[in-house]
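Trainee: As they're listed, the protein sequences go chains A and B. Residue numbering for the first sequence is 85 to 389, as defined by the numbering used here. Residue numbering for the second sequence is 205 to 590, as defined by the numbering used here.
Note that these hints are calculated values from the structure, not bench results. Model, not experiment: these values are computed from the prediction. Among the hints, a few may not be true.
[To be verified] If you anchor each label on the Cβ, the simulated ranges turn out as follows:
no.	chain 1	residue 1	chain 2	residue 2	range
1	A	Phe186	B	Ala293	27 to 35 Å
2	A	Pro91	B	Asn467	40 to 48 Å
3	B	Asp511	A	Phe186	48 to 56 Å
Quick reminder that beta carbons are idealized off the backbone N, C-alpha and C, glycines included.
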Amino acid sequence: MDFILNPFVTLLTFLYRVFGNDMVLSIAVFTVLIRLLTYPLTIQQQRSTRAMQQLQPELKKLQEKHKGDREKLAAEQMTLYRQYGINPLGGCLPLLIQLPIFLALYQAINMALAATPTQMLDTAGRLLIPGLDSVIPLNSRWLNMDLTQAPNLATIGTSIESFIPIILIGLVVLTTYLQFRVTMPKAAPKTDGKPDQAQQMSQSMGTIMPIMYGFFALSFSVGLAIYFIVSNTIGIVQGLIVARGRAKFQPLPAVVTATSTKGGSTSNGTSKGSSTPARLTPSNKSNNSSARNNVKPAAKPSKTK
Amino acid sequence: MTFLRSRGGFIGAAMLLALVLTACTGGPTEPSWGDISVLDNNLILAFSGTILQLNPDDGTPINLYDTEGNVRTDPETNAPRRWEISLGATMRFYHAPLVVSEETLLVASYDRKLFQIERDAARIENTVGVDLPGHVVADVLQANGLLYVPLSEKDLLALNEDDFSQRWRFTTTRGVWAAPLLLNGVLYLTSMDHFIYAIDAESGEEIWRVDTGGAIPSAPLLYNNSLYVGTFGREIVQVSLNGRIIARYSTADWVWGTPVIANNILYTGDLVGNVYALELTNAGFTELWRHQVTTRAIRPTPVVYEDRLIVASRDNFVYWLNRNTGDTIVRQDVRGEVMAEMLLLEPAEGLNITQPMLFVNTMARENLLFAFPADGNGEALWKYPR
Chain A
85 MDFILNPFVT
95 LLTFLYRVFG
105 NDMVLSIAVF
115 TVLIRLLTYP
125 LTIQQQRSTR
135 AMQQLQPELK
145 KLQEKHKGDR
155 EKLAAEQMTL
165 YRQYGINPLG
175 GCLPLLIQLP
185 IFLALYQAIN
195 MALAATPTQM
205 LDTAGRLLIP
215 GLDSVIPLNS
225 RWLNMDLTQA
235 PNLATIGTSI
245 ESFIPIILIG
255 LVVLTTYLQF
265 RVTMPKAAPK
275 TDGKPDQAQQ
285 MSQSMGTIMP
295 IMYGFFALSF
305 SVGLAIYFIV
315 SNTIGIVQGL
325 IVARGRAKFQ
335 PLPAVVTATS
345 TKGGSTSNGT
355 SKGSSTPARL
365 TPSNKSNNSS
375 ARNNVKPAAK
385 PSKTK
Chain B
205 MTFLRSRGGF
215 IGAAMLLALV
225 LTACTGGPTE
235 PSWGDISVLD
245 NNLILAFSGT
255 ILQLNPDDGT
265 PINLYDTEGN
275 VRTDPETNAP
285 RRWEISLGAT
295 MRFYHAPLVV
305 SEETLLVASY
315 DRKLFQIERD
325 AARIENTVGV
335 DLPGHVVADV
345 LQANGLLYVP
355 LSEKDLLALN
365 EDDFSQRWRF
375 TTTRGVWAAP
385 LLLNGVLYLT
395 SMDHFIYAID
405 AESGEEIWRV
415 DTGGAIPSAP
425 LLYNNSLYVG
435 TFGREIVQVS
445 LNGRIIARYS
455 TADWVWGTPV
465 IANNILYTGD
475 LVGNVYALEL
485 TNAGFTELWR
495 HQVTTRAIRP
505 TPVVYEDRLI
515 VASRDNFVYW
525 LNRNTGDTIV
535 RQDVRGEVMA
545 EMLLLEPAEG
555 LNITQPMLFV
565 NTMARENLLF
575 AFPADGNGEA
585 LWKYPR
């Protein structure tokens, strides 16, 4: 991790010096820069997630159709992905690449602030620009709070400033919730009226994530709460950009044959001549290039003999 | 994994994950690096939230005795009671207790508390402790009826010894991570705000201050009317007792430990594993040698023993170097990072040891304390816990 962590600690310390020893501003700008750097990955991941969501009805139909034949199901699913130009790992890979970056970002903030002697020792040797040592240790005081310490709720009500920790935690919860809502589109309800497990899980995540982040903000440093708020806000903006791209894309309804079921045969050899009209939204190159990566129209429905 | 499919199960699992993540992350629950000292001819060891006494000769725990000299026993198990205090895993001591009277010890914790310990009974007098307005990672200094308490966020407190009320508070712009040095009624205080301050010990008034250009995490060393400090500005700085910078020497990285001087030669280590020997001359520092002994941090102050210089590192090793050349003579694996100060003891009246010994406190709980022959030759004499 050092190859990511050391430049991050250096950048954060450099920003601190540039912005006149203002740690909060440095954390905010640092978070914005890192989120911008990972923007292509984030966008790719969000688009892929949305595309997969759109394909869910088709995938469910395939699952019902090929119950008990995993090989056939996998082959049909791959065919479907190919037809719509979706990489099923497209949502995971960018996330995997981003994970160490965000972990390093979090660690960099902790290290730069260095509340304890051990954390300060861990910071040693990480500054890659000569002369930055002169600003160590960074000023961790902000609005009468210590950025290295967890918010102190015991003093609430003693002054106007004492409400800041609770406001920060509230903002963490709110922005986490909004980011989740913006980036995770609601799944289409099932036609049979039964509760959809994926949707249930998604709803649970929408409830639990803000609570979890609120809990983190309460347990860890105030500096980290500021990072959460800024990072979530950028996530909301990015999510809105992706959602807007999708909205432009939707008004072009098209009925496509999503699977090659017409005239196809099942594993037991019985023919099931059912075409599957999908309310999917294949991309229109002339209309929206951003959607190109999501769902591509099937040039020709493939057929199986 | 079917329980995850229910909403309750999923929420429970997520909460559990949150708790696990909280526990795994550094910061709030990070252990302290502890300290060793001598009390009543025994070793007194403070680490995390525990303070205990050990026999320096063999590392066995010291028992508690009653007024008639009999070993106190546990009324339920009849086992001998040890001189040991535990304030829980969340409490963190960076320094061993200070003897403030015949009956009482005093210890400050990182957790903004000051505790009084009944010396004979190994009992905390007030288990809640006295609240402090900041964290403490440095020794508390006692003098003239006052307790000087350095706060790691900022400032030095002077508390009345009898009731812990505040006499004065000296303001710094960053933390104070080392105890002040008291000389002729003047406190010489180093701070992470880059300054060395001279303060009137009685009134708390500033006499002078000097900017060294880098954070100073350790106490100054007084030698021949000069103060010597290592800084995060990658320097060793010599300052006169009237606040004038006399000499500087550039190191490869941050210097944390207080330097040590023997035979007019200053020895120090930096946080990337270099060790330096600098001759003190009228012109300032003259480099005799410098060696990259290890690639990990050398945090504690080096120890001088006869012709050897002993340094300890985060690489889990203690090194005995030739003082004249800096070459490594022998090294010992202590199977834990060394961040705490080492302790050298030589046989003396009342002290139950038969040879000079070096005590090394590590961060590994299973290898907390090692005793070596002071010259480093041979195996460890003992380790605690066994």
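Trainee: A separate judgement is required for each hint: does it hold in the structure or not?
Mentor: For each hint, the structure was consulted:
For Phe186 (chain A) paired with Ala293 (chain B), a C-beta distance near 29 Å keeps the hint of 27 to 35 Å intact. For the hinted restraint 40 to 48 Å between Pro91 (chain A) and Asn467 (chain B), the CB-CB distance of approximately 44 Å keeps it satisfied. In this structure the supplied range 48 to 56 Å holds for Asp511 (chain B) paired with Phe186 (chain A), their Cβ-Cβ distance being about 52 Å.
The structure is consistent with each of the numbered hints, conforming to all of them.
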